[in-house]
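Got chain A sorted already, so can you dock chain B onto it with the hints?
Each chain is listed here by its residues.
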Amino acid sequence: MDLLEQMVEAVIQGDEKRSAVLARQAVEQGLDPFQVIQEGCARGMHIVGDRFGRLECYLPEVILAADAMNAAVEVLKPYLMKREDRGTRGTVVLGVIQGDLHDLGKNIVKIMLETAGFTVHDLGSDVPVRRFVEEAEKMRADIIAASAILTTTMTYMPDIAAILRELDLREKYLIMLGGAPVIADWAAKAGADGYGEDALEAVGVAQRLMAQKGGAKVP
Amino acid sequence: MSGFWDVIGRSESGPLVKEKEFDLQVARIARQMIAKYAIRYQPEHVIPADDGLADRVFQAGLDLFLELGVYCRDTGRRMKFTREEVNGALKQAPTAVTYGQGRDVAVMTARVVEDSRPPFCTLTPVGTPVAEERFVPLVQSYVQEPLAQTFSSAFSQTVHGRPIKSGTPQEVEAAIWNVIKLREAARAAGRPQIGIHNLISNAERTDAILAAMQPDFGVLPNDGLGIAAIAELKIDYERVKKVAFLRHSGHNKYGLYGPLMGGYAGGPEATAIVHVAYHFLGLLAFEAQWHCGFPLHIHYGCNTTRELLWLISITSQALSRNTHLPISVSPFAAAGPCTEMVVYELVAGSLAATVAGANLLLAAVARNRHPERASGMEARIGAEAGHLVARQGVTREQANEITKKILDEYETRLGEAPLGRRFDECYDLVSLQPTPAYLDLYEQCREKLRGFGLDYSLL
Chain A
4 MDLLEQMVEA
14 VIQGDEKRSA
24 VLARQAVEQG
34 LDPFQVIQEG
44 CARGMHIVGD
54 RFGRLECYLP
64 EVILAADAMN
74 AAVEVLKPYL
84 MKREDRGTRG
94 TVVLGVIQGD
104 LHDLGKNIVK
114 IMLETAGFTV
124 HDLGSDVPVR
134 RFVEEAEKMR
144 ADIIAASAIL
154 TTTMTYMPDI
164 AAILRELDLR
174 EKYLIMLGGA
184 PVIADWAAKA
194 GADGYGEDAL
204 EAVGVAQRLM
214 AQKGGAKVP
Chain B
1234 MSGFWDVIGR
1244 SESGPLVKEK
1254 EFDLQVARIA
1264 RQMIAKYAIR
1274 YQPEHVIPAD
1284 DGLADRVFQA
1294 GLDLFLELGV
1304 YCRDTGRRMK
1314 FTREEVNGAL
1324 KQAPTAVTYG
1334 QGRDVAVMTA
1344 RVVEDSRPPF
1354 CTLTPVGTPV
1364 AEERFVPLVQ
1374 SYVQEPLAQT
1384 FSSAFSQTVH
1394 GRPIKSGTPQ
1404 EVEAAIWNVI
1414 KLREAARAAG
1424 RPQIGIHNLI
1434 SNAERTDAIL
1444 AAMQPDFGVL
1454 PNDGLGIAAI
1464 AELKIDYERV
1474 KKVAFLRHSG
1484 HNKYGLYGPL
1494 MGGYAGGPEA
1504 TAIVHVAYHF
1514 LGLLAFEAQW
1524 HCGFPLHIHY
1534 GCNTTRELLW
1544 LISITSQALS
1554 RNTHLPISVS
1564 PFAAAGPCTE
1574 MVVYELVAGS
1584 LAATVAGANL
1594 LLAAVARNRH
1604 PERASGMEAR
1614 IGAEAGHLVA
1624 RQGVTREQAN
1634 EITKKILDEY
1644 ETRLGEAPLG
1654 RRFDECYDLV
1664 SLQPTPAYLD
1674 LYEQCREKLR
1684 GFGLDYSLL
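Chains A and B, in that order, give the protein sequences.
For the first sequence, the residue numbers in my numbering are 4 to 222.
For the second sequence, the residue numbers in my numbering are 1234 to 1692.
Pulled out of the complex, with its shape left as it was, chain B reads as follows:
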């Protein structure tokens, strides 16, 4: 099995390749794999129930990874790995990851297709920009959700009234502020020792991030960081520096992978293959303990389109059938808070992932770009759908029929999805609860979803 120093060695001695050449090879090799493994996206099978297809997608992802390798941007070299190394890493990969302490301990495990165990739910505003004074209440709205097992951060647009700029001294200040405020939100929610899966959202540089990871600031020994690969299948030393620190500090770490459907890989089939390959990158180059995918549509910036739901489902099935890796999916909705559309998008995303053996990271909404357009309520909507799928014992065939009905509710409106309401418009900021209007809207959507086959009485 290759280790940290092998990875560094390969980044220094692998064959030189121009980045553009590497980019174009992604699609070329993916196309070969589509033909070799007869992989076909079928719009009527949004949630496919074809084990053979799932296994072929896994093999295609593995073959692509072995042939293409990983591109290191700092050295311009291709890092290649052998089949034995990947298999060895898969065999030795953790099957579970523990977050939190005391009564807030939570254990993420690998799941299987159509698992009756509920998904592990990491709830987070996914770095949504927020005004400094509303940072703690917004984050608290996620931590206080009963289904939250870990949480992470919003992005405060200022710290001490000053904008944060990457690479500056204020970035270090901001990272420390971020960690202190996250633990403050946990305490305010009455869950002082709940785990934080990604400690810092308002700093990019490694020096700022590491400066903030101190117990005195509220960091628990098993809190952690997410390390995001660069699209497609690339890394740089800034990311690997974090790996170097985390392997000694003992904090948890996970890989984050966001292939773009329509980008360098190509269409849904090719992007699915590349998405599987990312998990090998995370395992070998980042030593990730768990893996979170957020594949996105290149034009819509969400993953609730029909193709992306298929991609999420088939890749999650591929990985959960062929590995024991704890995997998670981050649904990205086009619509914003307090809209019917966001409810349907999040339920569809959770269905596609959960029935396929993935855990859930919830929830990026309003394309994850509009300030204050996020709240704990969207995370609740997605998490409840995930739990329901497991409790009800929804099969892939049933999930497919339900998802197609849900898609009818929003599919044609993805291009002009409503932004919805800001946090302060859809939550009472004193009680920190969703407004009656938002709860009513959710209840009306649940009524319709009951008609589609989801039995909300089981929650």
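The following block holds chain A by itself, in its conformation from the complex:
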């Protein structure tokens, strides 16, 4: 089994020690770090993501696989930085909206976006609308993504687009909304550019939005 195949397997197994060792070996062998991420780590995560979609595996396996992928990426990062193209498919500022502490869904979306090659800045839970905007500016993000599980907190979501408009920044960012009580029609009315019924759909939407924006690589 070649190194990339071993990396796929290490990620599927959620073996972060093994994936880090393989990443170091890849560097020593002079392999392209971007290729290792794409054809090793990301491919392994895609397989795990597909299995999760069919519930052939569950969230803990996805978390462990993501940890294994991140352990390898940490090793490869310094070598990636030397390249002009870091290979990210877009930068997402992600959080659970103000007043809401339920982050399980947001955590799944984060993992799935990272799996798909996005750089995700996780702001955690109970994130004030202004902070989404401030962090997006700081991180030079492409997408602001917010989730809510409560009907009493989803009402903050329209404020993201409103504040962006007020600050004359609306055209700069794509907005994605989701979460248990959020449906497509409501998200559109709240000013969202994209909506995901679940984490798997959210990734597809993020990829489509980035393709429309024209600034990122899409498979």
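Since the hints were made in silico from the structure, they are not lab data.
Treat the hints with care, as some may be off.
To be verified - Okay, derived cross-link-like pairs now, DSS-like style, lysine-lysine, Cα gap no bigger than 25 Å in a straight line: (1) B:Lys1253 with A:Lys80; (2) B:Lys1637 with B:Lys1475; (3) B:Lys1324 with B:Lys1251; (4) B:Lys1251 with A:Lys20; (5) A:Lys216 with A:Lys141; (6) B:Lys1324 with B:Lys1313; (7) A:Lys192 with B:Lys1398; (8) B:Lys1398 with B:Lys1251; (9) B:Lys1637 with B:Lys1681; (10) B:Lys1398 with A:Lys20; (11) A:Lys20 with A:Lys80; (12) B:Lys1253 with B:Lys1324.
As the list claims (entries may be wrong) - One side of the interface only, derived from the structure: several residues of chain B facing chain A at Cβ under 8 Å: (13) Gly1247; (14) Ala1260; (15) Pro1362; (16) Ala1364; (17) Val1392; (18) Pro1396; (19) Lys1398; (20) Glu1404; (21) Val1405; (22) Ile1409; (23) Ala1436; (24) Thr1439; (25) Tyr1497; (26) His1603.
Said to hold, decoys possible - Computed Cβ-Cβ distance ranges for the label pairs, DEER-style: (27) B:Asp1449 with A:Ala214: 32 to 42 Å; (28) A:Arg168 with B:Lys1251: 52 to 62 Å; (29) A:Lys175 with B:Asp1288: 26 to 36 Å.
Note that this is a predicted model, so its numbers are computed, not measured.
C-beta: ideal position from N, C-alpha, C; glycine also.
Just chain B, lined up with the frame of chain A:
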């Protein structure tokens, strides 16, 4: 037995643990319990009739709870309890809870497996979003149902025309408005003193909720609140603040538990074990008088899949065979109002729960997320099925055969379940009765269900 102050103490002095570590331990310990107690989900036994399995699921849930404990998010600490404390709490737990006053008094009790007593039926739109002007009629459509013993709220999208935002002054206004309107709906239905099991659905913060719990707004002394645990097996101080208030105010309180099948716990067996463990969390950390489970499928957002029906049935059997806790199940249907699918999903959910010794909280439909896709008729459908199971004396074996036939009617369509009709499309808003089309649809489904073995003539 541990009490409120012990719980607070443990949240301040229990061992520090990273939340992610706790999350991953849920599945790890659940897997150990699956192996230790030989717990196996069998798709052909949707409603299992294996007492040994039910008892093992109970023991596995208890062992998991003792080993894992409860995570307090505000302090990042693990709160652990001893076997003696859990057993003591189980022994001293209430066997019955009373709601309402006068001729509207209703008493929820614990039930047993294959109980001939009907389930206690709490009817509610489960917080379905609704336009402000239709809030009272929608809620009234539940309260007026003859089988309703308590009721609770929809979620008004605005109050006085303004959207409600958590943590703002309008949230306090909204909570008070919510309570006043609920009692108004009860009066309009001719049941002025019926109990409200969960007073407020449009406020999250404790200050707003407590501000609304005043007799002058129509709150009865034994109305109450539901306190929802955080998935999986976590609490925070916002929830425990409500406990502090309720232990002094004397209002009723119940625990709400929604483990995600496919989430941190894992598959159906692991999630069943975790679901049982939630009841100990509710008993010890919330001092809950009764317990309501709404386990959900992580992708479908409902609990009418084959695995979830099994989970509902085996955990309800586990708890009703081994405790005297009043327990309830909240069926969540993928399909919306006025569809054949919603009828079959709700009957299957009620069957799985009722024959296993649970009471019913009805009904979340259209995945509980689509505005105005809910009506009292779905609650009627589920409640009638629950009563029928008891009156007919349906056994678990019979329920299993019936449920498998019902599953054939919708199982493959869960991914693209129809949204159905809005409240104003499936009810006459003047008479506040279901449309003839909805009644006809239900009758056609009942005809088919008769063929499956449910004798609707007993209602």
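Holds or violated: is there a CB of chain A closer than 8 Å to the CB of Ala1436 of chain B?
Where the cut-off is 8 Å and the nearest Cβ of chain A is about 6 Å from Ala1436 of chain B, the hint holds.
With the threshold set at 25 Å, check whether the alpha-carbon distance from Lys1324 of chain B to Lys1313 of chain B stays at or below it.
At roughly 19 Å apart (the allowed maximum being 25 Å), Lys1313 of chain B and Lys1324 of chain B satisfy the hint.
Between Lys20 of chain A and Lys80 of chain A, is the straight-line Cα distance small enough, at 25 Å or below?
With Cα atoms ~16 Å apart, Lys20 of chain A and Lys80 of chain A stay inside 25 Å; holds.
Proposed interface contact between Pro1396 of chain B and chain A, which counts if any beta carbon pair is under 8 Å
holds, 4 Å
Can you verify the interface hint for Gly1247 of chain B: is its Cβ closer than 8 Å to any Cβ in chain A?
With a minimum Cβ separation of about 19 Å from chain A (threshold 8 Å), the hint on Gly1247 of chain B is violated.
Regarding the hint that Ala1364 of chain B lies at the interface with chain A, is the smallest CB-CB distance below 8 Å?
Where the cut-off is 8 Å and the nearest Cβ of chain A is about 13 Å from Ala1364 of chain B, the hint is violated.
If I claimed the Cβ atoms of Asp1449 of chain B and Ala214 of chain A lie 32 to 42 Å apart, would that claim hold in this structure?
violated, 58 Å
Would the pair Lys1251 of chain B and Lys20 of chain A pass a check requiring their Cα atoms to be no farther apart than 25 Å?
Holds. Lys1251 of chain B to Lys20 of chain A sits at ~20 Å (cutoff 25 Å).
Lying within 26 to 36 Å: is that true of the beta-carbon distance Lys175 of chain A to Asp1288 of chain B?
violated, 60 Å
Has the given pair, Lys1253 of chain B with Lys1324 of chain B, been kept, meaning a C-alpha gap of at most 25 Å?
violated, 33 Å
When the nearest CB of chain A is found for Tyr1497 of chain B, is that gap smaller than 8 Å?
Since the shortest Cβ distance to chain A is 5 Å, the answer is holds.
Tell me if the interface restraint on His1603 of chain B is satisfied: Cβ within less than 8 Å of some Cβ in chain A.
holds, 6 Å
Consistency with the previously given hints fails for numbers 2, 3, 8, 10, 12, 13, 16, 17, 21, 22, 24, 27, 28, 29, ordered from lowest to highest.
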